[in-house]
Amino acid sequence: MSQILAIAQNTVRETVRDRVLYSLLFFAGLVVVASLVMQEITIGDQDKVVRSVAQSAISLFASLMAMFLGVGLVYKELERKTIYTIASKPLKRWRFLVGKYLGLMVVLALEVALMAALYTVVIGLQQGPPGVPELMNWIGLMAELALLTAWALLFSCYSTPLTASFFTLATFVIGHLADDIWRFGQQAEAENLRQLSEVVYWALPNFSVFDFSSQAVHKLDIAVADLAMALGYGLAYSTAVLAVAAVIFERRDFR
Amino acid sequence: MSELAIAARGLRKVYLSGFFRIPYTGLEGLDLDVRRGEVFGFIGPNGAGKTTTIKVLMGLQHATSGEASLLGVDHRESAARERVGFLPERPYFYQHLTAREFLDFYARLYGMSAADRKRRSGELLERVQLERFADVPMKSYSKGMLQRAGLAQALLHDPDLLVMDEPMSGLDPMGRALIRDILFEERDKGKTVFFSSHILADVELICDRVAVLVKGVLRGCGTIDELVGDRVRHVDIAARVAEDAPLPGLRMREEGGVTQLRVAPDQVDRALAAVHAAGGSIVDVTRARAHLEDFLLDEVDRDRPIDKKKLGVLA
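As you go down the protein sequences, you meet chains A and B in turn.
So the first sequence is residues 1095 to 1349, counted in this note's numbering.
So the second sequence is residues 66 to 380, counted in this note's numbering.
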C-alpha cells in the first residue's frame, strides 16, 4: 500500500506543479462568476438559471480536467521514460497504475472542492448557501469523474494522448447519451437494431446515472438510495475498467 | 543462495515492428552467467542487443522465450528486483522534483522508513557530489548531474546487484572517475556490478569479466586475457633508414633520424628485411598487445568486413 501511496503522492505533486491545471481552473472560475451575468439577461426564474449555468460549468470543467489529465497520466511516463526507473523497482505494475489513478482522483477532488467553494461564495452571497441536493450532485460528479478517469487511463495505456483523448471524449459523449440510445433502440422496428442498442447500452458507461444536476438546480430532494446506487455503479465499473487497463499495461514492453 | 547474480538461458527477444508487424530479432538465445561479487562488462556495437538484454532482465520488456534470474529469483517476479539497483541509459527523471524529493520518493518504493530515507538520501547526495543542488528542481540539471542522481537512486537501498546501461556515457573525465570510484567501492563491499559500455578502456580497467554481444548473439565471455589471449595488435619498429626507402606498413613519424614504423604481426619479417635491404638498421621492435577493442572489431568483422586501417588497427 505504501508504494501505491508514494506513486499517488508523486502524481498529485506533479499535477499540482503543472501550469495547465491552473489555466483550466481559472476558466472554470471565470464561468462560475460569469453565470451571475445570466441573471441580468434572463427572464423567468433567474436564480435557477444562474445555478444551472454554474453547476454545468463545474461539471464540464471537471470532466475536461479528468479527460485532459487522465489521457496523459501513463503516456507521459512512457514518453519521458521515467517509467524505466519506476517499473524496474520491486513494484507490481498494477500498483503503479492504481497509484497514478488515485493521485489524479485526489487532484480532481481538490478541483471540485475548490470550484464548489467558489460556487458557495459567488452564488451563496445572492441565494444563500448551497443545500444538500447540490452537495449530493457534487458527490455524484466525483463518481462520474472516477469512471471517466478510469476510461482515460485505459486508453492512455496503449495509445497516444491524441487518440486516447478522442476515445475518451467519444466515451464521454456516448455515455451521456446512453439513455437516449436505449430509448431510440427500443422504438426501432428492426430486431437487430434493438439488440444492438441493448449491447451498446450495457457495454458502455451510462453517465446519466451520476447526473443529479436537475434536482440540484431545482433544489429537489435526491433519494439516498439513488446516490448510493450511482456510487456503487461507478465504483464497480471503474474497478472493472482499471482491471482491463492493468492487464494491458502488464503486457506492455517499454521500448 | 544462488552463486549467480544473473543467469540467463536461451533468452530471446523478437520485436514486431511497423503496420505489418515485421519480426526483428533483438536478442537470439542468450546464455549468460554473472557470478556474485564480480564486476561484469557487457559490450557490443550499437544495436547489438545490450539494452534489450538489460530491459528484459529488469522487467521493462518481456522475453519472447528463455529464462533468466536475478540473485536466484525469476526475473519476471517483482521480488527479483528487491536487491537490485538499476541505472538506465540517459536517465530520465521527474523534472518537477528536486533531487532530495526524488530520492525520497524512490526510497518509498523500496519500503524504506522515513528515518532511513532521510539518512540514506543525505549520504548519497554527498557521495555523488550533488548536496549543493539537492533542493533545486531536476529540470535545471546538466546531463552529468542527472547521471549522478540516477546513480544515487540505484544505490538507495544498498543493493547486492547493480545493473547499469552505459553509465559513463556523456560524462566528463571527473564524472567518469567518480562513477569508477563508486563501482570499485561497490565491488570492494562484495556487490555485483553489471554494466554495458562503449568506453572499452573503462571496461578493461574495471571489469573482472566481459561478455561480447553482436547482433543479438553472444560472441564471447570471459576475462580480458581469455578473450584477447596473447594476440598482438601490431608491431612498432624503430629503424634508421633512408626516408625514401620502400617499407611495408605505416610510417608513423620521423624523429632524430629514426623512423617509426607500424606493421601487422605477419609483416614483421618482411619489414625487417626491407630495412636491411635499404641499408638501414633496427633500433627497437615493440609488440603491442591486443585490446578488447580488437576482439570486438574481429567479432563484428565476421559479419561485416571493416576497413581496419581506417580505424588505425593493423592486426
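Derived by calculation from the structure, the hints in this document are not laboratory data.
Be aware that one or more of the hints could be misleading.
[What the hints assert, rightly or not] Across the chosen pairs, the derived CB separations fall in these ranges:
| # | chain 1 | residue 1 | chain 2 | residue 2 | range |
| --- | --- | --- | --- | --- | --- |
| 1 | A | 1220 | B | 202 | 41 to 47 Å |
| 2 | B | 263 | A | 1207 | 30 to 36 Å |
| 3 | A | 1277 | B | 127 | 43 to 49 Å |
| 4 | B | 239 | A | 1207 | 48 to 54 Å |
| 5 | B | 84 | A | 1293 | 25 to 31 Å |
| 6 | B | 112 | A | 1256 | 27 to 33 Å |
| 7 | A | 1286 | B | 96 | 55 to 61 Å |
| 8 | A | 1207 | B | 201 | 30 to 36 Å |
| 9 | B | 96 | A | 1120 | 57 to 63 Å |
| 10 | A | 1154 | B | 196 | 28 to 34 Å |
Glycine included, C-beta positions come from ideal geometry on N, C-alpha and C.
Right, here's what the structure says about each hint:
1. Checked against the given bound of 41 to 47 Å, the beta carbons of residue 1220/A and residue 202/B, roughly 43 Å apart, stay inside it.
2. A beta carbon spacing of about 52 Å between residue 263/B and residue 1207/A contradicts the range 30 to 36 Å that was offered as a hint.
3. A C-beta distance of roughly 46 Å is found between residue 1277/A and residue 127/B, which places it inside the suggested range of 43 to 49 Å.
4. Distance hint check: the CB atoms of residue 239/B and residue 1207/A are about 50 Å apart, consistent with the given range 48 to 54 Å.
5. About 30 Å separates the C-beta atoms of residue 84/B and residue 1293/A, a value consistent with the hinted range of 25 to 31 Å.
6. Here the CB-CB span from residue 112/B to residue 1256/A is close to 30 Å, well matched to the stated 27 to 33 Å.
7. Distance hint check: the CB atoms of residue 1286/A and residue 96/B are about 57 Å apart, consistent with the given range 55 to 61 Å.
8. For residue 1207/A and residue 201/B, the hinted distance range of 30 to 36 Å is satisfied, since their beta carbons lie about 32 Å from each other.
9. Under the hint 57 to 63 Å, the C-beta atoms of residue 96/B and residue 1120/A, about 59 Å apart, fit the expected range.
10. At about 47 Å, the beta-carbon gap between residue 1154/A and residue 196/B misses the expected band of 28 to 34 Å.
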